[in-house]
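Novice: Take the given structure of chain A and dock chain B to it, following the hints.
2 protein chains.
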Amino acid sequence: MKFRTFASPLDKKSMENHSIIRGRLAKLRFAMQAKGISACIIPSSDAHQSEYTAPHWKTRTYFSGFTGSAGTLVVTWQEAFLWTDSRYFLQAEEELKDTSILLQKAGLPEIPSIENWICTNLPGKSVGIDGSVFSIREVKSMQDIFRNKNISLVTDFDPLLQIWTDRPSIPSNQVFLHPEEFSGESAGVKIDKIRKSVAGEGCNSMLLCSLDEIAWTFNLRGSDVQCNPVAIAYALITPQESVIFIQQEKVSAEIREELFKNKIMIADYDRLPVYLSAQKGLTIRIDSGKTNQFIFDAIGRLSENKQLSYILKEGPSPVALLKTLKNETEIAGFRNAMKKDGLVMVRLLMWIEQSLASGRAFTEISVEDKLKELRSEQALYFGESFDAIVGYQEHGAIIHYHASEASNQQIRAEGMLLIDTGGQYFDGTTDITRTIATGEVTDRMKQDFTLVLKGHIGIATARFPKGTRGSQLDILARRFLWNEGLSYLHGTGHGIGHFLNVHEGPQNIRLEENPVCIEPGMVTSNEPGVYRAGMYGIRIENLVLAREEKETEFGSFYCFETLTLCPIDTKLILPEMLTQEEKEWLNSYHQTVYDRLSPHLSENEQTWLKNKTYEI
Amino acid sequence: MKFRTFASPLDKKSMENHSIIRGRLAKLRFAMQAKGISACIIPSSDAHQSEYTAPHWKTRTYFSGFTGSAGTLVVTWQEAFLWTDSRYFLQAEEELKDTSILLQKAGLPEIPSIENWICTNLPGKSVGIDGSVFSIREVKSMQDIFRNKNISLVTDFDPLLQIWTDRPSIPSNQVFLHPEEFSGESAGVKIDKIRKSVAGEGCNSMLLCSLDEIAWTFNLRGSDVQCNPVAIAYALITPQESVIFIQQEKVSAEIREELFKNKIMIADYDRLPVYLSAQKGLTIRIDSGKTNQFIFDAIGRLSENKQLSYILKEGPSPVALLKTLKNETEIAGFRNAMKKDGLVMVRLLMWIEQSLASGRAFTEISVEDKLKELRSEQALYFGESFDAIVGYQEHGAIIHYHASEASNQQIRAEGMLLIDTGGQYFDGTTDITRTIATGEVTDRMKQDFTLVLKGHIGIATARFPKGTRGSQLDILARRFLWNEGLSYLHGTGHGIGHFLNVHEGPQNIRLEENPVCIEPGMVTSNEPGVYRAGMYGIRIENLVLAREEKETEFGSFYCFETLTLCPIDTKLILPEMLTQEEKEWLNSYHQTVYDRLSPHLSENEQTWLKNKTYEI
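Top to bottom, those sequences are chains A and B. Add 28 to a position in the first sequence, counting from 1, and you land on the number used in the numbering used here. Add 28 to a position in the second sequence, counting from 1, and you land on the number used in the numbering used here.
Simulated from the structure, these hints should not be mistaken for laboratory data. Keep in mind that the hints are not guaranteed to be accurate.
Which copy is meant is left open, so a pair is good if it fits within one copy or across any two.
[Claimed, not checked] Here are the simulated SDA-like pairs of lysine to any residue, each with C-alpha atoms no more than 20 Å apart in a straight line:
{"no.": "1", "residue 1": "LYS640", "residue 2": "ILE339"}
{"no.": "2", "residue 1": "LYS168", "residue 2": "GLU342"}
{"no.": "3", "residue 1": "LYS125", "residue 2": "SER47"}
{"no.": "4", "residue 1": "LYS86", "residue 2": "GLU512"}
{"no.": "5", "residue 1": "LYS474", "residue 2": "TYR642"}
{"no.": "6", "residue 1": "LYS86", "residue 2": "ALA389"}
{"no.": "7", "residue 1": "LYS86", "residue 2": "LYS224"}
{"no.": "8", "residue 1": "LYS638", "residue 2": "ALA281"}
{"no.": "9", "residue 1": "LYS494", "residue 2": "ARG575"}
{"no.": "10", "residue 1": "LYS398", "residue 2": "GLU547"}
Quick caveat, the model's predicted, so the values are computed rather than measured.
Bound-form chain A, shown alone:
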């Protein structure tokens, strides 16, 4: 998500921008006071609980200037605070400077949750939110907490109409089909699986609100959200048909015809409540974590006004799990996409090395541009899966750094460069991080890098029984750092979609508990790191596929297969810190990288790769 022209870090015009922010906050406070609202909570989400959102929903950025993907703004009559997580601490400090908004470092033990902060500071008052950007579950949880302090929650407080006058409209890009040749399964089969799954819970229908769940179910893709190939829509699966609620002009006649073969209809984006009012006998599964309060209220009002013609039953969407268990076609596609991305990375790393050797000036942004150029040469390339993080030296310590014209650093022949990037291909989505030495590096850099690598290998080589959760595996990535009093506060791994969102649930590998178990077919990132603020950052990221390993008298055991193909910089490794097994993993990984990539490389490139994948 780039906003180079607005509130980018270290922007020369920042003072000017900050006075704009103060003006917007003043208008917001005026609207709050008019409605008797003492605090307004503005999250980063859209109406579909998306992590990345279309510009239409960038309300939190509009009011704060903070451009990170995660963060929640709380505005009271006197104060304003932004809660964000450790990935964004440094960026938020930069971007909030002089805005009057104070940073709350979420995740640190001494920082209260937003709800607790409000309970402590505003007992007995009213809190306003725009219900369309909060899930039912979030609203219920807030209400439960606020009730103890007599705080009332107003869920239809949306003052944007008067304030954000030039708000972008909801995007209306054309949708397109994701052919079965890549998805491996027709929409019809997927819909049947969903029907069968919700039938087990006594439901005959399913309401889908998550954009990636809709995209997966109907083998439909869009480009409404940068880097995420999804379209803004709701969908309802009933016993007779499926209906996608979407701006009509986005769907061509050909696609409608194709969808119709699986009894999939198209209706206007805002017609879900009206459609429902005409139905009878539906028992609809809704996921309260994925359905927004506004649509829930709209459906609820409808059922209050007339004879109840349908029943809502709360429960987790079965699509998240169906979607994350990749089928053989998707896995083959992932392998192919990894090969292409590996070629891109090899060429990029060679180009960087040559640039450094030749003394040709180049910057963080030129690396990013080169990446896109190299990826666009690959077959089935659709776009980037997220805005690349190219952070030289101290910028590498800003976990979700994105270079702006102002911050853009020239890369010199010393220190380390962190590159976190990914591509969207029709046959798979990629996400890789490499940290490389661009010249002289310190021993501490090498030590830190080797500790991170040991953790990376810990996950890559993990073997674990059926029923194991990501939170149990997480320490395998962290323990070497913890032994030295180091840590990183971001997750170790996230699920990844197949030509879909680069972050997807339901599984992950994190410090925090998540009851979802790691199952064969899941693709998850493996990305430990360590960050020395103001100095450098290190992260090593591959994607891993969970697979069955063996059956014993003690049950089924699973393992990971590393999918990503790209050398890890051995110049940054202290081999004496690695065990024999760790060296063997690295050597075998490098052998695989060479074997799979070299047939597609020029002789020159082969030689380079050979040198980078020598046994240590």
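Specialist: Relative to the frame of chain A, chain B by itself:
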């Protein structure tokens, strides 16, 4: 908990006992049918949610013959099932043989929870429980689940009066004080801490129902429950005074006088509701996980019948955390108790070795008796902290095995012997497991032992930041076994009381999530194992104290200090499977064992210990 005369494993009289069980079930079904109850749930708990209970509450054993400490019986008109966890699978299979009761192996993925089993099999029916042996939380959770299937829960179904005519009464053993010299803190100071803690939640009073929380708070001990030095009681702390509800005859005049110094009164066990009805202005914290439904209903009925004179506020008891964070006096006491227990173990292991060498016949039960004899020689000894598990060869695979006259094995000069035992001393509670070779052992035994040892060292040497939960550390104990397709299904570690229950919360180290973090001052067991059914079992258990290790720019880091002092059998170790660091830990541990114990040993014993603690 021993029941040698009744339904012990492999008992020759088992067929006879099993017909008794069938008769009792028939009477229970008659009572169920008379009240229209389709299923009756009988847990192993007492009215205080204790893990180990007085004979008065051994209802589940009475109706099933199963003597394990954990297990729940479900009886329907046609069938009966016992749910128990992996520790008891083998024992339950033995004990349930021919009783008509079927085993449900809880924890296996294919086994439904009791609630789900009932939902599937008895929709629309009535389920009966004795509310006094279920917590408020358990009842609420069952009601929530049953509601979806129109199942009603009758919480006052207690047919025992008619059936269990010779039911033992509630024990009436004398209580005694645990002097501040050992507890390190007066009851007055502890009560003030509790008052302060609940005040933070808007309460001025605290209801205590857990026997160990009551014992800790008032520095009072008893002997109502075998191995647990607690007395059956409730207690209420109000702003003015504290009241212990307990059978009056248990408390001597001297103790009453001592308690009165801290404004602690004594009232009859059943007077809590009546006492409350005379109170005004109390806002009482109750822990719904620790308060039984019967007492809650009794208090609730009272508040319905008259002007509400007090308010109940649900929330976790602060005592659990206060109690588990051991003070310096308690820690010093633990160290002293470990030294004594180490001497006991050294003498026991020597005695076993000499018995084997001399060809003197000895059995599992003689080891147990010898243990008690040796412990009773130690200062401040009070009793065993649980019935020792002494399992030779295949008995070692029965995780909570207890030798009966019938099962009692002679120990021969081959294979392995598992000894899990602990003592109650006035200055601390101990819990240790050692598995030793009594003669020739196989390579597989050594491999398994070394894998378990590697896991044990993994926990012993863990370093982790503040905020880490036991479920995150757990894999450090399991990963070596998992790598080889092995596992164990019990927890890796439980908290342990100070001259109190050998199992105490709130922290633990388990597969299952538990939000409680490991904090400095907590004492937890470290006991990985592996069990080959019908062959042998291995477990290595020490107690570890969590301590602060260091502060870095990344925060506070903690580590464990191993408290238990006893050699680990090096004859069972394959040194080539250990890393250099693991060998160093073992050698350093053995050096500590020798250094701390040898001053208290005879020359002969010193020589023996020297031999057992040589560097490998």
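Novice: Does each hint fit the structure? Answer for all of them.
Specialist: Okay, the hints, checked on the actual structure:
no.	hint	in the structure
1	LYS640 / ILE339	neither (60 Å within a copy, 70 Å between copies)
2	LYS168 / GLU342	both (13 Å within a copy, 19 Å between copies)
3	LYS125 / SER47	within (11 Å within a copy, 80 Å between copies)
4	LYS86 / GLU512	neither (40 Å within a copy, 50 Å between copies)
5	LYS474 / TYR642	within (18 Å within a copy, 37 Å between copies)
6	LYS86 / ALA389	neither (35 Å within a copy, 81 Å between copies)
7	LYS86 / LYS224	neither (37 Å within a copy, 45 Å between copies)
8	LYS638 / ALA281	neither (51 Å within a copy, 87 Å between copies)
9	LYS494 / ARG575	within (11 Å within a copy, 33 Å between copies)
10	LYS398 / GLU547	neither (36 Å within a copy, 49 Å between copies)
Consistency note: the structure conflicts with the earlier hints numbered 1, 4, 6, 7, 8 and 10.
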